[in-house]
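Q: What follows is each chain in one-letter form.
Number of protein chains: 2
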Amino acid sequence: MHPVLISNMPNPVLINLTRGSLVESFHRGAVCIARAGAAPVVALGDIERPIYPRSAIKVLQALPLMESGAADAADFTDTELALACASHSGEEVHVETVRAMLAKSGIAEDALACGNHWPTHDESARTLVAMGQKPTSLHNNCSGKHVGMLTLATHLEAGLEGYEHPDHPVQQRIRRTIEEMTGEAAAPRMCAIDGCSVPTWAMPLKGLALAFARLAALSGLSPERAAAGKRLMRACTSEPQMVEGTGRFGTGVMRRLGASAFVKGGAEGVYCAAFPEQGLGMALKIDDGAKRGAEAVAAHLIASLFPDQIENAADLMNLKITNWRGLDVGKIAPSEELGEAIACLDTL
Amino acid sequence: MHPVLISNMPNPVLINLTRGSLVESFHRGAVCIARAGAAPVVALGDIERPIYPRSAIKVLQALPLMESGAADAADFTDTELALACASHSGEEVHVETVRAMLAKSGIAEDALACGNHWPTHDESARTLVAMGQKPTSLHNNCSGKHVGMLTLATHLEAGLEGYEHPDHPVQQRIRRTIEEMTGEAAAPRMCAIDGCSVPTWAMPLKGLALAFARLAALSGLSPERAAAGKRLMRACTSEPQMVEGTGRFGTGVMRRLGASAFVKGGAEGVYCAAFPEQGLGMALKIDDGAKRGAEAVAAHLIASLFPDQIENAADLMNLKITNWRGLDVGKIAPSEELGEAIACLDTL
Chain L
18 MHPVLISNMP NPVLINLTRG SLVESFHRGA VCIARAGAAP VVALGDIERP
68 IYPRSAIKVL QALPLMESGA ADAADFTDTE LALACASHSG EEVHVETVRA
118 MLAKSGIAED ALACGNHWPT HDESARTLVA MGQKPTSLHN NCSGKHVGML
168 TLATHLEAGL EGYEHPDHPV QQRIRRTIEE MTGEAAAPRM CAIDGCSVPT
218 WAMPLKGLAL AFARLAALSG LSPERAAAGK RLMRACTSEP QMVEGTGRFG
268 TGVMRRLGAS AFVKGGAEGV YCAAFPEQGL GMALKIDDGA KRGAEAVAAH
318 LIASLFPDQI ENAADLMNLK ITNWRGLDVG KIAPSEELGE AIACLDTL
Chain S
18 MHPVLISNMP NPVLINLTRG SLVESFHRGA VCIARAGAAP VVALGDIERP
68 IYPRSAIKVL QALPLMESGA ADAADFTDTE LALACASHSG EEVHVETVRA
118 MLAKSGIAED ALACGNHWPT HDESARTLVA MGQKPTSLHN NCSGKHVGML
168 TLATHLEAGL EGYEHPDHPV QQRIRRTIEE MTGEAAAPRM CAIDGCSVPT
218 WAMPLKGLAL AFARLAALSG LSPERAAAGK RLMRACTSEP QMVEGTGRFG
268 TGVMRRLGAS AFVKGGAEGV YCAAFPEQGL GMALKIDDGA KRGAEAVAAH
318 LIASLFPDQI ENAADLMNLK ITNWRGLDVG KIAPSEELGE AIACLDTL
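Same order as they appear, the protein sequences are chains L and S. Position one of the first sequence corresponds to residue 18 (our numbering), numbered consecutively onward. Position one of the second sequence corresponds to residue 18 (our numbering), numbered consecutively onward.
Bound conformation, chain L alone (with noise of 0.2 angstroms):
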C-alpha cells in the first residue's frame, strides 16, 4: 500500500483552463486565510493534511538567522537579507550578492550544499552558455537560504559540517521556529528532503497560515522574533527583485503592494504570504503541484484583498493562453468555489 493520506473528499478545483469553449486541465487545492487567535477566514478544502511547504516559508527559516544576531553580526543589509528569504532566478545581481554575503560570513563556496542547476532565468542562463560557463552553487534558486544557515552555523559555532541534516543545530534551531510559529508538530515522520538537500517538515495549511498571521500581525511573539519578522518581510518587500527575479509573479506582487503584501512560493504547488493592514496569512498548495495554479488562485485572493491597488487578477500575472504566434487561444480562470471564496473575502 502507498502511505497516501488524502481524505475521502477531493479538494474543490480552484482554476480552471479553457481553450476555445471548453475547459482542457483544472487544479484542486486547498486554501487557508487566518488571523491569529481566531477560526480561518477562508477555508477551501482539506486544510488539516499535512503538506511540505517547500520553499514557501523561507522567510520562517530564515527567523533564527536574525533572531541569533548571525545576520547582524555578518552585517548584511536589507538586499542580503532578502536574497536569505529568496528562490532566486540566477541573475548576475544574486549570485554576485550571494558572493559578497560569503565574504561578509567568511565562508567559502564549497560550503553550500545546495547543488547545481542553470539559472531559472533564460537569458542569464544564456549568458553563461555564450561565455563558456557552467552553472555553479551560486546559480542555485536557494544559494540565498544556504549562505544564511551556514552563517547561522558560524554563529552558533556548530560547524559547517552536515548544515543541511536535520539532526544539526541550525535545522533544529529551523524546526523549532517552524513548531512555534504553526503551533504544530513537526515529528520526524513528516520530515523530507527538499530539493536542496535540507528537510521540509509537513504542516497543514491551518498552521501555515496561522504563521503567517503571525507575523502580518507580529502578534503572539516574542519581542526579538517579532523584530525579526518585521525585519524580513521589510528586507522582502523592499527588494522584491531579489526574492525571486525578472518578470516573475511573486516579484511583481511585491512591486505593486509595497509592504503591504509579502509573498512567496514552493515548489510543487505551495504558495504563502502575510498581509499585515488585514493582519492576515494565507497558505495553498495545489493537488497536482501545478505553479501555474498556484499563483492564479494567489492572484485571485490578491487582487480581492487590495480592491483600491489591484483591478483584478489579470492585473498580476498573464491569465491568457497564448500560443507559439500569439493568438489569445484560451484562458485562466477561477472555479466557482474560488469565486465564493473571493466573494466572502470582498465582504471582510
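If you're looking for bench data, these hints aren't it; they were derived computationally from the structure. Do not take every clue at face value.
When chains are identical, the list treats them as one kind, so a pair holds in a single copy or across two.
[As the list claims (entries may be wrong)] Calculated pairs, BS3-like style, for lysine-lysine (alpha carbon to alpha carbon, straight line, at most 27 angstroms):
{"id": "1", "residue 1": "Lys337", "residue 2": "Lys151"}
{"id": "2", "residue 1": "Lys247", "residue 2": "Lys337"}
{"id": "3", "residue 1": "Lys121", "residue 2": "Lys337"}
{"id": "4", "residue 1": "Lys348", "residue 2": "Lys308"}
Given chain L, work out where chain S should sit, using these hints.
A: Same frame as chain L, but now just chain S:
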C-alpha cells in the same frame, strides 16, 4: 459561469508522488484502452467527456497526407514521414530533415504558420545560443506536421494561404478523417486552436482509444487508410528519434518495443498509443495537464502489456524523484485504482 464540462464524480487519482513518507502531489485523470468493435478493456474515470487531443493524434492528422498520395508524390522517406507525425525536440537532425522536406515539396520556409520557439532539447538550444542564432519556425516541435499539411495543400491545389484555418480544405479533410477514425462528431463548438495554430477538436477518450485500436488492428478501415496507417506507424516505430528526440519518453518506448508499440503524447497531459499485437488502442488525459502524470500512467500500462520485454515501468522512465545534488528524495507511483487497471490488463 464558466463553461465547465466536468462530471460530478471526480476522476480517480492515477499517480502519487511521494516525498519522505507522505504523498506530496497526485494526478487525477481518465484512461481508456479499447479493442475495435468491443467494450473498453480499461475504462478508468470519465471517458465520455470531450478532451482536446492536441499533438497526441498527429498520426491521425497525417493520414490524409499519406492517403491522398501527397507524401509519395513528394517522395518522403520513413524518416520524413515520422517527422510529419512528430513533436520533435528541435535537434539538428530534426531541423535539417524539415528543411529537406520543404525542398522536396517546393515550399518556402516562411509558409510555416507554426510560430517559433527554442528547441526543447537543452543542448540544441545552447548550441544555437553559442552560435549567436535564434530559433526559427523549423525548430518548432510541430514543424514536420506543418510541412506535411503544406505538402497536402499543394497536392490538393488548395492554396497554402490559411492552411492552418479550420475551414481550409486541408483541415476539413483532417477533421473528417478524425471523425471517421473516432466515430465521433467534430462539431464547430468542439474546435479550439492548438499551440501551433492549427485546429484541435475535442473528442472523448473512448473515441480516441477506438481510433488507435483501429490503427493497431488495421480493421474497419478502407484499404487506402489501412495502408496509410500501417506505413505511418512503421515510419514512426522504426525512426523513434524523429518522433520526439534524445532522452524523451516516447522515443525510448518505441526503441524498446519497435513495431509492437506506437506511442505519442500531447500537450496538457494527453497520451495515445496503438498496440498492433494485442489490437489495442489507448487514450488518456491527466486532469491537470501534467506531462509527468501522463507519461507515468502510460509507462505503467505499457510495462504491463509487455511483461516479456519490459520488467517494470521504471525501465521506461525515471520514477525516482531526485534533488539538485542527485539524492533520492521521493518516488512516482501508481495509485490503487491504476494498480487495479494494471492487474486487469495482466489477465488479458
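Q: For every hint, state whether the structure bears it out.
A: A quick look at each hint next to the structure:
Proximity of Lys337 to Lys151 under the C-alpha cut-off of 27 angstroms is restricted to the inter-copy arrangement: shortest distance 25 angstroms between copies versus 34 angstroms within a copy. With identical chains, the CA atoms of Lys247 and Lys337 are never at most 27 angstroms apart, being 36 angstroms at best within one copy and 40 angstroms at best between copies. Taking the shortest alpha-carbon separations for Lys121 and Lys337, neither the intra-copy value of 44 angstroms nor the inter-copy value of 38 angstroms comes in at or below 27 angstroms. In this assembly of identical chains, Lys348 and Lys308 lie within 27 angstroms of each other by CA distance both inside one copy and across copies; the values are 16 angstroms within and 19 angstroms between.
In terms of the numbered hints stated before, the structure departs from hints 2 and 3, listed from lowest to highest.
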